[in-house]
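Q: Modelling step: build the complete structure from the supplied sequences, incorporating the hints.
From first to last, the protein sequence lines stand for chains A and B.
Count the first sequence with numbering that gives the first Met the number 0 and you get residues 0 to 278, in order.
Count the second sequence with numbering that gives the first Met the number 0 and you get residues 0 to 269, in order.
Rather than coming from a laboratory, the hints here were simulated on the basis of the structure.
A portion of the hints provided could be inaccurate.
Stated by the list, open to error - The following label-pair restraints were derived from C-beta to C-beta distances:
id	chain 1	residue 1	chain 2	residue 2	range
1	B	GLY211	A	GLY62	51 to 59 Å
2	B	PHE204	A	PRO118	28 to 36 Å
3	B	ARG265	A	ALA178	39 to 47 Å
From the three backbone atoms N, C-alpha and C, an ideal C-beta is built for every residue, glycine too.
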Amino acid sequence: MSQTPPLLEARGLRVLRPGDEGAVTVLDAVDLSLPAGTLAEVTGPSGAGKTTLLLALGRLLPGAEGALLLAGRPADEYEPQTWRTLVALLPQRPALVPGTIAENLRLPWSLKAREGDQPPADDALREALDGVALGDVALDRDVSRLSVGQASRIALLRVTLTRPRVLLLDEPDASLDDASAAEVARITAAFVGSGGSIVRVSHVRTDAAASVRYRLADGQLTLVGPSTSGAAESSRLAATTGLAVTPEAADAVTRASSSKVPGAAIIDAATDLPEVPDA
Amino acid sequence: MPEATGGTIPIGAWELALATGFVFLAGALSLWMGVKLERDLAVATVRTYLQLFALGFVLRWVFVNQTWPIVLALLGVMVIAAARVVLKRAGNAPPGVFLSAVGSMALTGFTVTFAVTALIIRVPVWYEARYVLPIAGMVIGNSMTGIALAVERLFADLDSRSAEVLGLTALGATVWEAAHPSIRTALRAGMMPTINSMAAAGIVFIPGMMTGQILAGADPVEASKYQIVVMLMIAAATSIGAIAAVLLMYRRRFTAEGVYLEKGYREPVS
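A: Structure representation (structure tokens):
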């Protein structure tokens, strides 16, 4: 059999942005190959195009050129909306819609892209909130009464509950205190530990669990170093948070719904990672 | 000046001069207080004279020489002029929406006008200019205001929600799903003035057409029936026009892949 293709692959990503004196090259033939279960951290100076890179990977950037593949299949085989449910971007400013926490967490299932899928029940949402240290926050609380750190975690929780293959995180902890940032790291580690992949852009903190690090500057994405401890770290975190990485264990966890983190859903998604639905 | 007809008391040159005198008074006040409105007032007064006299002469000529091509051509001119006003007021609309504006103005202008003249007033000749043109004027003028408000609000609201729109799109939302809250806001904004004026009609003010008919000697109850028809028809026209315009235009702020065009990614407006 042939080798398993990388989960997410970008070839020759090129982005020009109109500037005052002609077009500015933000990304210049950027390549990226992300195996399943990788947490890739991208750092770089402010304005280097980190957000642009994430938008391009999520097919959310007008005028981006280059090839994107998910599990070996080219992006144009997917409807843009389907692609975005599989390669999910969490913008830096987490935009919750007016309403309660439960409404926000179930919002993705009100969209046509997930027509026919069952939204998580209250119990599952409650459990997910408990798992990210939001146990004291009621499901029917209005999101306008959340702190910045709480809102960020709700937004991250929402996107992980939708079981994407790849998470694109734009400075997920930039405006958070250390405790909230640690919760974010727990969620991301659990996601990676269960077989999903993450591209995480940061300039404030670095994630100790990152398994590979890139630097983006002058339009070029450079590998700075794989971090062997990162993979071990995410496995360890996954284990301590009650997440298992084998399909059998994952099924068991999903059935029992005993996970204390929003991992049950993620694991389920991770077990069938190489398969992608028809576009 | 035309002779008195029906119950109308005719207005002559002296009466017009007197009315103009009031404007001069306003202009003098503006000059004295340094408000600098006198120039605008003068221009507006001259325009009022020229435009309304021109309208009077055109209508008098059309009423005598009416044929269906002339009436339809005049409606067409009104629709295009209204569409231009819509786009001028909604300066934030993306380029290339002129045809959408014309289309929605035409849809509402023609359907509501002819529905009223044919089914409610039941004019003997379907293009009877004495009925068709004034009614079309009210339909097009009022729906123009509603459409302009709705279109302006649509694109302003999308801009203010751009972070939410990106968030929704990133969750897999279609253009319709991402834009829907703004579409709702836009239609409410377009309809509100009409609904408010319906609620206040007869209590806070006497509507314009009813005032005109009463001044022209009509029975107030008969005039009120006409006014009810007109108000309902304006409400219908504003809704139809605003819905059509918003539905025809909202996609233009998104790419074919359904991504909202943030300010930096738009074509420069010429």
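Q: Work down the list of hints and note, for each, if the structure agrees.
A: So, going through the hints one by one against the coordinates:
no.	hint	in the structure
1	B:GLY211 <-> A:GLY62: 51 to 59 Å	holds, 55 Å
2	B:PHE204 <-> A:PRO118: 28 to 36 Å	violated, 50 Å
3	B:ARG265 <-> A:ALA178: 39 to 47 Å	holds, 41 Å
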